[in-house]
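J.: Next come the chains, spelled out residue by residue.
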Amino acid sequence: MNKENIKSWLKINLFSNWYNSIISLFVLIVILLIIPSFLDWAIFKATFIGKTKADCKTGGACWVFISVWFEKFIYGFYPDKELWRVNLAFIILILSVLSAFFVKPKIKPYILFFLVFIFPIIGFILIHGGFGLENVETRVWGGLSLTFMLTFFGIIFAFPLGVLLALGKRSELPVIKYFCIAFVEFWRGIPLITVLFAAAIMFPLLLPANFNVDKLLRVAIGLGIFESAYVAEVIRGGLQSLPKGQYEAAKSLGMSYWKMNFLIILPQAIKTVIPGLTNTFIALFKDTPLIILVGLLELLGMVNLAKSNSYWLGMAVEGYIFVGLIFWFFSYLLSRYTQSLEKKFSTERH
Amino acid sequence: MKKITTNSFAILAFVATFIFATFSANANQTRENVIKRGSLNCGVSQGVPGFSNADASGKWTGIDVDFCRAVAAAILGDANKVKFTPLSAKDRFEVLKAGDIDVLARNTTWTLSRDGGLALDFIGTNFYDGQGFMVRKAANINSAKKLNNVKVCVETGTTTELNLRDYFKANKLKYEPVAFTKSDEAVAAYDSGRCDVYTTDKSGLAANRTKTKNPADHIILPETISKEPLGPVVRGNDENWANITRWTLNVMIEAEELGITKANVDTLKSTDNPAIKRLLGLEGETGKNLSLSNEWSYNIIKQVGNYGESYEANVGTKTPVGLGRGLNQLWTKGGILYSPPVR
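These protein sequence lines map, in sequence, to chains D and P. Residues in the first sequence are numbered from 0 upward in steps of one, following numbering that gives the first Met the number 0. Residues in the second sequence are numbered from 0 upward in steps of one, following numbering that gives the first Met the number 0.
If you are wondering where the hints come from, they were derived from the structure by calculation, not from laboratory data. Hints may be right or wrong, so weigh each one.
Unchecked claim - Quick list of the computed label-pair ranges, beta carbon to beta carbon: (1) P:G76 with D:I48: 27 to 35 Å; (2) D:E81 with P:N79: 42 to 50 Å; (3) P:K226 with D:G188: 37 to 45 Å; (4) P:G192 with D:L87: 47 to 55 Å; (5) D:S66 with P:D77: 47 to 55 Å; (6) D:N134 with P:K261: 47 to 55 Å; (7) D:W40 with P:S112: 29 to 37 Å; (8) D:S66 with P:G192: 26 to 34 Å; (9) P:R164 with D:I11: 51 to 59 Å; (10) P:L111 with D:L111: 55 to 63 Å; (11) P:L161 with D:W40: 44 to 52 Å.
Stated by the list, open to error - In silico DMTMM-like cross-links for lysine to aspartate or glutamate, where the CA-CA straight-line distance does not exceed 20 Å: (12) P:K82 with D:D54; (13) P:K58 with D:E70; (14) P:K82 with D:D213; (15) P:K173 with D:D79; (16) P:K58 with D:D79; (17) P:K317 with D:D54; (18) P:K80 with D:D286; (19) D:K52 with P:D237; (20) P:K210 with D:E136; (21) P:K35 with D:E136; (22) P:K82 with D:D79; (23) P:K80 with D:E133; (24) D:K80 with P:D54; (25) P:K58 with D:D213.
Yeah, the Cβ is synthetic: ideal placement off N, Cα and C, and Gly gets one too.
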């Protein structure tokens, strides 16, 4: 860009008239005031290497806090010598998600089947134990890995349930229709906190003493059901966007109800609501820290725990920035991933 | 129609049995459950400096944690057989009632409404806390009575805020509260000069002082304006369990009074002092009264230590929490720690 171009770009975009000029100058001043001191604190004056709080003497950010506690932030209290199991589970997950980009379209349904039905079992056995692996109670699960587990479980639980609920809401059978409407409205009408409290605290009081469902499982199912109501409404939006002709065409070919929905209607409907679904799943991801309130320590919970260790007091800002970056990074990743899906599935001709 | 009624009665009876079983199942068998399980389930905080906290290797430490370890030592003979469950302030009592944990040691203030209204038992006080004030040294204030026309940083929605109002009203002093939802925010605001005073429980004051830019610039005023006895809690339907936990705490206090420490407990076994002999289970049958082995008290002291040792290691002046003994000193040394006789 040459000088003339920059000048005209500035003129058009930042200083097109007097009030835009004032706003631009104001923003510029704010940026100049904030950014240098932030960079100074976060990078130039920060301490990156060390083992204790005492190593941070420079007056800037103490990233030592993050590096020392990193393992706890990621894995919670999961026993050290068993960490490979969590890692392996997530490597399998990442590889199978990535492989979807490289294999032939024909194989993709199998990958999906694996992710939804087989991987959860493998992952559960790996992380929880069984088949010769030592049992690791859910009590010690935590950190970012717990955040991921809950998000993944929430998605594969909420998505199929949401699809069924969306179809049910448009069903011609009144029992199914009104049941689905009541279900969705009920779960959409109560706050997530209430669901978590009910799952974690009230539910066990209703069960016989020897019959114990794991707290994390209760919470995860509560979270999954809660999100399914939102997924259902998003997908219903997609269903409604389809012209009647699609249904009629499918029926005239003699397709059954399920065949029509799974081959003709849903693929088109879901494709149109990918942005809405992404929204819901990102919201689910960001809702997981609420489980702190029922005593489960995911990423934010672990950071809270670490910053209140008496030898690490005063690290709140570093901790929260770290959590913020992690959440932003993975939400952005999810958003980019679904954008690529959107492009791929786009059948619009330009 | 008749059949339906019979059926629904059967179902009702079934459900009722289940519910009854739920509520009666926990009664009077916590000790057996712990022994059967081979570990104690202890509810702790999600991180309170010096009381219950984990370090970067995942090991729990703190004065409340030590109490749980002592209970495990008393029953199972091994202080390491404890599983810690972090709980929020909101779900702690429900989790205890539901039976997920055997004892709650989560810096919980003992009040009448909690003790009487929740079907729970507070078994003692392992830390006498109370609200205090922190001010800047430069302000030249040495007593809370001299706080007038000050801005006070305080956490909102806590009893702290109410105590603050009561104190200033009772002493006819003027103040302006500046409320925050998190202690970190309140401390940061105080540190940046938005307030003259920061107030919270004294256990938190000293810990929060370390969060300021220059901790040496701030002092904690001597006055304590509220009573916050923090203690472990158990379910109210198990007399034996309440006794075990209560006397575990008493043994720790009594051991300090008699000068028994982790280090000297083995040499003191050959002492002639009858009080020490009784406490170590060499005389009398203290364990039998609690349905425990007679080494229970020895195990507590040997594996966890006496109260003073636990205090100094977790919240004492050599730790970042930096609290003097204050009220938490033995009654013989000017505090109010007093164990009924272990005999």
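J.: Taking the numbered hints from earlier one at a time, note which ones the structure violates and give those numbers from smallest to largest.
T.: 1, 2, 5, 6, 7, 11, 12, 15, 18, 19, 20 and 25
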